[in-house]
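**Q** So the protein lines, in turn, are chains A and Z.
Taken in order, the first sequence gives residues 1 to 140; the numbers are from the working numbering.
Taken in order, the second sequence gives residues 1 to 255; the numbers are from the working numbering.
Just so you know, not all the hints are guaranteed correct.
[As the list claims (entries may be wrong)] Derived DSS-like pairs (lysine-lysine); straight-line CA-CA distance at most 30 Å:
1) Lys-188/Z <-> Lys-53/A
2) Lys-53/A <-> Lys-183/Z
3) Lys-247/Z <-> Lys-57/Z
[Said to hold, decoys possible] Residues on chain Z that point at chain A, a partial pick, calculated with CB under 7 Å:
4) Ala-22
5) Gln-58
6) Ala-81
7) Asp-85
8) Gly-198
9) Trp-200
What the hints contain is simulated information worked out from the structure, not anything from laboratory work.
Because the structure is a prediction, the values reported are computed rather than measured.
Using N, Cα and C, we set each Cβ at its ideal position, and we do this for glycine too.
The residues making up each chain are set out below.
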Amino acid sequence: MKSENRGQIRIIEAFLAVLIIFSSLAISANLATTQNTAEPNDLAYVGLQVLLKLDSDGRLGRCLDNRDWAGLRSSLNLLLPTGVSFNLTVYDGEMRQINEEIISNGGFNSQEIAFVNYVCVSQNQTFNYYVIYLYLAVAK
Amino acid sequence: MKSKAIFRANRSGQLLIVAALAIAILLSSTTMYVYELSGERQSTEDFFISDFILAVKQGSRNAVISALANASNGGEKTVLADDLDSLSQAYMRLNKRGIWRLSYTVLNDSHYDGGVWLSWGNGGLGVSSAYANFTLRVYDSTANITMSYTVNITTTITINGYYTSNGTEKTINLFCRVFNEGKSALAKNLTVFYENLGVWVPVNASNNLSVRDYGNGTYALSFNVSVPSEIVQVSVHAQDMRCILVKASIPCREG
C-alpha cells in the first residue's frame, strides 16, 4: 500500500466501525421503544390485579353492598397507575346494572381499550355476588 | 524495530474494525436478550389465567365466610351448600373466556355438618368454622387446568377468668382472645352475659362494665354482679370483623 493512501483507508475503516456500532444501537433503541407501548392485555392484567387487591380483604364487596360508588372510584384512582382511565359497571347476579352513577375518572380517548370481567362475592351474611365490567385505557 | 512499528501501524485500522465488530456483537446479544424478554412478556396470558384462578379462589373464600356468618347468626346450616351452588353456577354462566367449572364438597364428619361446625361449649372455648373442598376445571384455548383447593374459615374465642368478692357483690375479671384461622384477630363487638338463678342476664353499664382492648385480639373485661352462688356462669358472645359469631362460657370461681 502506498503511504499517501494509508490515511484515506484509515478514515474509511473508522467510518465503517462507527457505522457498525451505530446501526446496532439504532436497532436496539427501536426495539426498546416497541417494548414501552402498553398493550391492552397488560392493562387488563393490571386491572385484574387491582380488583383482586381490593377484594382480598372484602373491601370491594363492602363497597358494592353499601353502594359506595365514590369510595370505589377513589380506591381505583389510588390503585391504578397514573394515566390510566377506567370505567366500571356493576351488575347483580341477574345481570341488572346496579350502579346508578358513572364510576369513571374521565373519558376514553384511546384506540386500545382493555376489558376485565370480575365476579365479586360479598362477605355479607346474605349471599350476594356482583359482576364487574372494568374498561381501561391509557389516557393520551 | 522500525519494521515492527510499520507492521503495527498497518494493522491498527483492521484492529479498529475487529473492535467495532466485537462491540456490535455485544450490542446484538443485548438485542437478542431484549427479544427474549419480549417473548416472555407474551406469556402475560398465563399470568392472566393464574390471576383468574386467584379470583375464583377469593370468591369461594368470600362465599364460605358469608355462609358461616349467616349460619353462626342463626341461619340454616345448609346455607353453605346453597351459596356454593349459586356461586358455581355463576362462574359457569359468566366466564366467556372458556369453560370454567367449579365443583365443591362440604365436609361432613363428627364435627362438621353440611360443612359448618359451631362448638360453643362451657369450657372457655368457642369455635365457629366452615370447611369446603373445591375443584376448579378450566378448559380454555390456552389452558387445560384442573386444580383442587380447600377453604377453611374458623373463628375461635377463648375466655378465662375469676371473681373477687366485695361483700354481696362480686367483681368478675375475664380475659378474652379472638382468633381468625388460628391468628389473633379483632372483634367487631363483644357481649357478656352472666347466669343468675337460671336466667342469662346481659352485662351493661349498670354492672360497671369496663373493656380494655389490647389491640391484638385480646380483651380484658371487668364487671360487678350480685349473684348468691359460689360459681358464676359467664358467657361471652363475640362477632369478628367478618360478622362471624362465636360464643364461649366458663364457670367463674373466686380467685
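**Q** List in ascending order the numbers of the hints, as given earlier, that are violated by the structure.
**A** The structure breaks hints 4, 6, 7, 8, 9; every other hint is satisfied.
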